[in-house]
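Going down the list, the protein sequences come from chains B, L and Z.
Just so we're aligned, residue 1 is where the first sequence starts under my numbering, counting upward by one.
Just so we're aligned, residue 1 is where the second sequence starts under my numbering, counting upward by one.
Just so we're aligned, residue 1 is where the third sequence starts under my numbering, counting upward by one.
Rather than coming from a laboratory, the hints here were simulated on the basis of the structure.
Here a beta-carbon is modelled for each residue, glycine too, at the ideal position from N, C-alpha and C.
Not one of these hints is a red herring.
What follows is a set of in silico ranges between Cβ atoms, one per label pair, in the way DEER data are often shown:
#1 Q115(L) x L60(B): 37 to 43 angstroms
#2 D115(Z) x S67(L): 33 to 39 angstroms
#3 T88(B) x R32(Z): 36 to 42 angstroms
#4 E315(Z) x L54(L): 36 to 42 angstroms
#5 R419(Z) x L54(L): 21 to 27 angstroms
#6 Y225(L) x K232(Z): 56 to 62 angstroms
#7 R32(Z) x P195(B): 54 to 60 angstroms
#8 M163(L) x S5(B): 41 to 47 angstroms
#9 P241(Z) x V297(L): 39 to 45 angstroms
Chain B is nowhere near these chain Z residues, computed Cβ spacing over 10 angstroms in every case:
#10 D111
#11 A114
#12 K118
Quick list of in silico lysine-lysine cross-link-like pairs, DSBU-like style, CA-CA up to 30 angstroms:
#13 K28(L) x K172(B)
#14 K174(L) x K407(Z)
#15 K134(Z) x K122(Z)
#16 K64(Z) x K318(Z)
#17 K232(Z) x K174(L)
#18 K65(B) x K49(Z)
#19 K65(B) x K64(Z)
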Amino acid sequence: MEGQSARRLRWKVASHLLLVPFLLFALFPFYHMALTSLKQDRELYDRQAVPLLIRQGPTLDHYQKLLWESAFLTWTKNSLLVTLLATTLSLVIGTVAAYALARLRFFGVASFGTGIFVTYLVPTSLLFLPMAQVVNWLGLGDSKWSLVVTYPTFLVPFCTWLLMGYFRTVPKEVEECAMVDGATRIQALLRIVLPIAVPGLVCAALFAFTLSWNEFIYALTFTSSSDQITASVGVTSELIRGDVYFWGPLMAGAILGSVPIVVLYVFFLDYYVSGLTAGALK
Amino acid sequence: MAVGNVGVATVARRSLRVRVRELIDREKILGPVFVTPALLLLVLLVAYPFAMALYFSVSNAFIGRPSHFIGVQNFVNLWQSDAFRQTFQNAFVFTGSAVAIKLVLGISLALLLNQQLWFKRAIRGAVLLPWVIPTALSTLGWWWMFSSLYSVVNWTGIAVGIMDPPGPNWLGQKYYAMTAVVAVNVWRGLPFFAITILAGLVSIPRELYEAAEADGAGPVGRFWYVTLPMLKPVLAIVVLFSTIFTFSDFNIVYVLTHGGPINSTHLFATLARQIGLETGRIAEGAAISLYLFPLLVFVVYAQLKFVRKEVY
Amino acid sequence: MEPISRRRFLTTTAGLAGILAAGVPPARGQQREISYLAWNNFAPASDKKLAEIGQRFTKDTGIKIRIDHIAHAQQAAKYASEVQSQAGHDLVEMRMHFPWLYEPQLVDVSDLVADLEKKYGKVISAGYETAHVKGVWRAVPQYHLFFLATYREDLFKKAGLPVPDTWEDLYKVGKELKKMGHPVGIPISQNYDSISTAGPVLWSLGGMEIDKDGKTVRINSPQTVEMVEWYKKMFRDCMEPEVLSWNDASNNESITAGKAGWIHNPISAYLLARNKKMVTADGINHHRSLAGPQGRHDTDVPRHMGIWKFSKNIEASKEWIRYLLGKKEVYDEYIVSGDAFNLPVYTNLQDHPVLKTDPKFAAVKPEGVQLHAYGWPAPPSDKVQQITNLFVLPNMIAKAVTGTPTKEAIAWAENEMKRMLAG
Numbered sequence: 001m002e003g004q005s006a007r008r009l010r011w012k013v014a015s016h017l018l019l020v021p022f023l024l025f026a027l028f029p030f031y032h033m034a035l036t037s038l039k040q041d042r043e044l045y046d047r048q049a050v051p052l053l054i055r056q057g058p059t060l061d062h063y064q065k066l067l068w069e070s071a072f073l074t075w076t077k078n079s080l081l082v083t084l085l086a087t088t089l090s091l092v093i094g095t096v097a098a099y100a101l102a103r104l105r106f107f108g109v110a111s112f113g114t115g116i117f118v119t120y121l122v123p124t125s126l127l128f129l130p131m132a133q134v135v136n137w138l139g140l141g142d143s144k145w146s147l148v149v150t151y152p153t154f155l156v157p158f159c160t161w162l163l164m165g166y167f168r169t170v171p172k173e174v175e176e177c178a179m180v181d182g183a184t185r186i187q188a189l190l191r192i193v194l195p196i197a198v199p200g201l202v203c204a205a206l207f208a209f210t211l212s213w214n215e216f217i218y219a220l221t222f223t224s225s226s227d228q229i230t231a232s233v234g235v236t237s238e239l240i241r242g243d244v245y246f247w248g249p250l251m252a253g254a255i256l257g258s259v260p261i262v263v264l265y266v267f268f269l270d271y272y273v274s275g276l277t278a279g280a281l282k
Numbered sequence: 001m002a003v004g005n006v007g008v009a010t011v012a013r014r015s016l017r018v019r020v021r022e023l024i025d026r027e028k029i030l031g032p033v034f035v036t037p038a039l040l041l042l043v044l045l046v047a048y049p050f051a052m053a054l055y056f057s058v059s060n061a062f063i064g065r066p067s068h069f070i071g072v073q074n075f076v077n078l079w080q081s082d083a084f085r086q087t088f089q090n091a092f093v094f095t096g097s098a099v100a101i102k103l104v105l106g107i108s109l110a111l112l113l114n115q116q117l118w119f120k121r122a123i124r125g126a127v128l129l130p131w132v133i134p135t136a137l138s139t140l141g142w143w144w145m146f147s148s149l150y151s152v153v154n155w156t157g158i159a160v161g162i163m164d165p166p167g168p169n170w171l172g173q174k175y176y177a178m179t180a181v182v183a184v185n186v187w188r189g190l191p192f193f194a195i196t197i198l199a200g201l202v203s204i205p206r207e208l209y210e211a212a213e214a215d216g217a218g219p220v221g222r223f224w225y226v227t228l229p230m231l232k233p234v235l236a237i238v239v240l241f242s243t244i245f246t247f248s249d250f251n252i253v254y255v256l257t258h259g260g261p262i263n264s265t266h267l268f269a270t271l272a273r274q275i276g277l278e279t280g281r282i283a284e285g286a287a288i289s290l291y292l293f294p295l296l297v298f299v300v301y302a303q304l305k306f307v308r309k310e311v312y
Numbered sequence: 001m002e003p004i005s006r007r008r009f010l011t012t013t014a015g016l017a018g019i020l021a022a023g024v025p026p027a028r029g030q031q032r033e034i035s036y037l038a039w040n041n042f043a044p045a046s047d048k049k050l051a052e053i054g055q056r057f058t059k060d061t062g063i064k065i066r067i068d069h070i071a072h073a074q075q076a077a078k079y080a081s082e083v084q085s086q087a088g089h090d091l092v093e094m095r096m097h098f099p100w101l102y103e104p105q106l107v108d109v110s111d112l113v114a115d116l117e118k119k120y121g122k123v124i125s126a127g128y129e130t131a132h133v134k135g136v137w138r139a140v141p142q143y144h145l146f147f148l149a150t151y152r153e154d155l156f157k158k159a160g161l162p163v164p165d166t167w168e169d170l171y172k173v174g175k176e177l178k179k180m181g182h183p184v185g186i187p188i189s190q191n192y193d194s195i196s197t198a199g200p201v202l203w204s205l206g207g208m209e210i211d212k213d214g215k216t217v218r219i220n221s222p223q224t225v226e227m228v229e230w231y232k233k234m235f236r237d238c239m240e241p242e243v244l245s246w247n248d249a250s251n252n253e254s255i256t257a258g259k260a261g262w263i264h265n266p267i268s269a270y271l272l273a274r275n276k277k278m279v280t281a282d283g284i285n286h287h288r289s290l291a292g293p294q295g296r297h298d299t300d301v302p303r304h305m306g307i308w309k310f311s312k313n314i315e316a317s318k319e320w321i322r323y324l325l326g327k328k329e330v331y332d333e334y335i336v337s338g339d340a341f342n343l344p345v346y347t348n349l350q351d352h353p354v355l356k357t358d359p360k361f362a363a364v365k366p367e368g369v370q371l372h373a374y375g376w377p378a379p380p381s382d383k384v385q386q387i388t389n390l391f392v393l394p395n396m397i398a399k400a401v402t403g404t405p406t407k408e409a410i411a412w413a414e415n416e417m418k419r420m421l422a423g
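Same shape as in the complex, but just chain B (with noise of 0.2 angstroms):
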């Protein structure tokens, strides 16, 4: 009995040991983009400086700069609202079209599927041309509500598609059930099928929620206004200037950006692995 519990913690450290390379590849980075944004620039361009230690004293300079000489309070507010639009959008579209796959017999529903699919092929690197002209007859042209109305293209199919692996998990009897009860079909989504696919809801929604918070050229074409543009296209133009990069106040932007998702996820992790369980894998 003692020599399992041995065994058993012997592995667990065993475990952890062999998890600091992965943290440490993960980690690496993020610890230097940190350390560059919080270094004098003194020190930052002092090419005798140890570049792992911050020695001359940190300083909030660069967050200080960011904050508020640019308009990066605005970009993040842009971002945030679109991010959230965006996401909720195509999460009701997704979500009503992935019932309608996963569940519903009709003409089409098998080719409708597949192109869905066929969407994610479409090269993106030119896309946003002809997009533009789109966005244009809209006459949303500059403005954040292109982007709004444009991320779902990219939402929709994903959300579609992990949804509706998700649906198929749940029991048909549950549902039949409550429609013998006298339920309509959009009663028994609404009260039965949406509460046990929460999980999966909230695993499309982060998925969602991070691919629309690191677009960077529908934003960067679309807008341009400095009320209207979000967070990456601000921090990248401003702090760009020809040939210098401001690496402090960069960086600086790169890990703010980083936060609003971290935060969701620490909240929403446990959620977002059982919702990848049941969905994206059946």
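Given the structure of chain B, go ahead and fit chains L and Z onto it with the hints provided.
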């Protein structure tokens, strides 16, 4: 009387509503109604631009000038370009090695994360970090780490004693440059692999392991005969997704090497931008980005079929 | 439960429709308003000045102006999408050869340029070559910056090294510099600075990529051989392999951090060191462009103001150009705010007061230097630009310095250039 009338009207209206509701509730109608929003979105915002891109690729389109149809000439001409042939090769090397490394490391990491751990939540969160930092900025951070002047990678390597000063010329030498861009892609994509595969591991029923153990299978045997086969559908999906995303990667190469040295890290997306936008030759740019579209569609179709067969 | 949800769904839809409708920029057209897209100037003070001048413009003329900024690297994508959707800004900043690229989309502004030339003298040659497209001014030359030598004067003095005057001199001092641990920093990679140096070296030897006609490839010449050989010995004796990996920021960072002893760049490196109070700032100085047997040439980056044809405010846009460039005191004020990074493009303004604001700007005068855009003497047509943008010239050099025989590397470049001109 008045009350009665209102009652009748309500009944009539309600019965109409019930009828409508019943009608909508039929599968043949509800289905199309439910997929309409998605369909509208994709047709309006993807199908049209995609058709335009297709047209560009078979025309002589130049930014802001009238164009006409010229057939597959762009596709033929491209093949004579040194830069394009190099890009073609790079794309396969880049995608192949990055996906393979992510797969192997992803399985290992997922197995470790599935163990009893002390700071489970913190560790899982940490592993996910590279996935959530905005790419436009994290690749800049990597450039800074690789830059010849302040390379913290080389500094650390030299300090630890695994590199001779001045250390590798990361972005200036063909093989190192490819290694660097692959490494950054792996860094960014590994969390997706690890967490998704972890989700797959969690869903494998314990009884299977117990049964295998009863049959005398050791840890290796259990991994080989239970874990891997059970993970197959997950792996197929993850590899499929990652292949698509890796193949169309843009930011890493654009920031780190701009396709250099001597085009040895150019990918389809970066070359397409270089020619299509910087030079204005949209037709050629579109042809570059669509060159492998048919192949991709075929691969994905085949793989999806395989996955469906495995799962259902 | 269910009706509420449905109602909620309906409200959401209605809300979205409302947003779609309201998203149409409301005020445009009612009041005169123009929008102007400029790059993020390296000298941030000049962007602030521009905004200030914009406000005065509104006060004086009643025309509202919105000035947006964009990073240099993103200009191509942005402009392409504005042209494709025929909507966006009224005025855009046009770097170097852009007027050629977007020629059919740009308003003829010859009248504006004629007025300015009457006042300030002819536009300098590089401005003419890039903005005067097939007999028509497609953009109004605004300011320019050009490449020259930035070096560590303190190190040169300490070691008793002479300031180089020719590319050959540079090789001689470069050898010493490398021994001192302060190598020369000329990038040989897929970045624009690489082209900016390779061009002048080739021109000063009498060579060229494409002839004046824009059709005949002239790269396979004894001059090119000479240039490649020069690069080979520079790479071997004066530089470090790092230059193969550099991007546009690297040479600046190298000299400001105290490593490189000599770089070829506009004055941004010095300005950065000065503004950030780096220890190297005092030691950095500039000297004029290097010469070769066939004269003294350097790369110029003129910037112009263009008006899109799809603009609905062409007259108001012209008024803004007249206001910013046509009033001498405003133009002077604007140039001075640019720290000698933005220099006037008209002949009579060349000896500008801005050059007296810092003793380190003394050499920032293109006297006796011929300034050109990439690809000179060929006109910057789209095919010539493809050769530029695919980095054929730097890649040819990179091949040669890493082991490919010179002849073979040049033959490769010739082949690529011919293919691109034909295609």
